[in-house]
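Peer 1: Sequence:
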Amino acid sequence: MSTDRPVLHAKGEGSQSGGATSRSGHSVQEPAAYMSGFGNTFETEALPGALPIGRNSPQKVNYGLYAEQLSGSPFTAPQATNQRSWLYRIRPGVRHTGRFTKIDHGLIRTAPEREDSELPLGQLRWNPIPVPKTKLNFVTGMHTITVAGDAESMSGMAAHVLIVTESMQREHFFNADGEMLIVPQQGKLRLRTEFGVIDIEPGEIAIIPRGVILRAELIDGPMRGYICENYGGAFTLPDRGPIGANCLANPRDFLTPLASYEDVEEPCTLFVKWGGELFKTEVPHSPIDVVAWHGNYY
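Everything in the sequence shown is counted per the working numbering, starting at -16 for the first residue and increasing by one.
Keep in mind the hints are simulated off the structure, nothing from the lab. Predicted model, so just to flag it, every value in this text is computed and none were measured. Please note that the accuracy of each hint is not assured.
[To be verified] Below 27 Å or equal to it, Euclidean Cα-Cα: the simulated DSS-like pairs (lysine-lysine) are:
#1 Lys43 x Lys171
#2 Lys85 x Lys118
#3 Lys116 x Lys263
#4 Lys116 x Lys171
#5 Lys263 x Lys118
#6 Lys118 x Lys43
Let the sequences and hints guide you as you build the complete structure.
Peer 2: See below:
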């Protein structure tokens, strides 16, 4: 069944159209919903019939959606290491970017660090960074501690301290230099991504793949934590060897969000980290508009 485009259209915060809620703004709503597994091939849809069956890119997708593939590996990669997901979104992805402008990258650094610096010879340790009274979001609150390797050659990593004191408001971000492993140390954070909603708190981690758009929102006060930025291949679960089949992390311990979208025609800013620099562009709508998806890159 194919329905008209207006079924998805909603204006304003928390309004509804055709039974689908347009989730804009930054209020905490229902808990995030997930699927269990690591490295699995998942499928999920926020509206019934939005996900094509038996085909990836039909000529006409239900609800007037656009079919796009997001690749995490070369398309010629072996089946076991081929990473891709098909996204069915309200607008084509090319409309989510405009003319980019380079902006100050603040305290974010990327390997190799070419600025003049004197490496300390002795051992170092850091006290917890106090939560400031100044307003810091997911982008401005990132402070690099160390880097290694070379992002341009897709090898190495960076370690950042993250302090968030305000939610991103009509602002979004994606990292083209690497995937991010986020480790909360204090406070909770809601990550609205193209694939769905992720809530994290101390004792949990979240992985945001390279190139995936997110908007970070606070849940109950300031958040402090760490980010491991991985320039290389995607994280995998370690081989267990002689310790046995049922130790360390199990695939069932990892959760992948169910599809969740916004249909909001309001201007927003998209920040991109690329080549160690920060760029921004203006977008006339929310880029969190994937209604259904399937694949193993998330």
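Peer 1: Each hint needs a verdict: does it hold in this structure or not?
Peer 2: Here is how each hint holds up against the structure:
1. Our distance criterion of 27 Å between C-alpha atoms is broken by Lys43 and Lys171, whose separation comes to about 40 Å.
2. Note on Lys85 and Lys118: the hinted pairing holds, with a Cα-Cα distance of about 21 Å set against a maximum of 27 Å.
3. As the CA atoms of Lys116 and Lys263 are separated by approximately 25 Å, the hinted pair is consistent with the 27 Å bound.
4. With a CA separation close to 18 Å, the supplied pair Lys116 and Lys171 stays within the 27 Å bound.
5. The straight-line distance between the Cα atoms of Lys263 and Lys118 is roughly 19 Å, inside the 27 Å bound, and the hint therefore holds.
6. Distance check on the hinted pair: Lys118 and Lys43 sit about 45 Å apart at the alpha-carbon level, beyond 27 Å; violated.
The structure does not agree with the numbered hints 1 and 6 stated previously, though it agrees with the rest.
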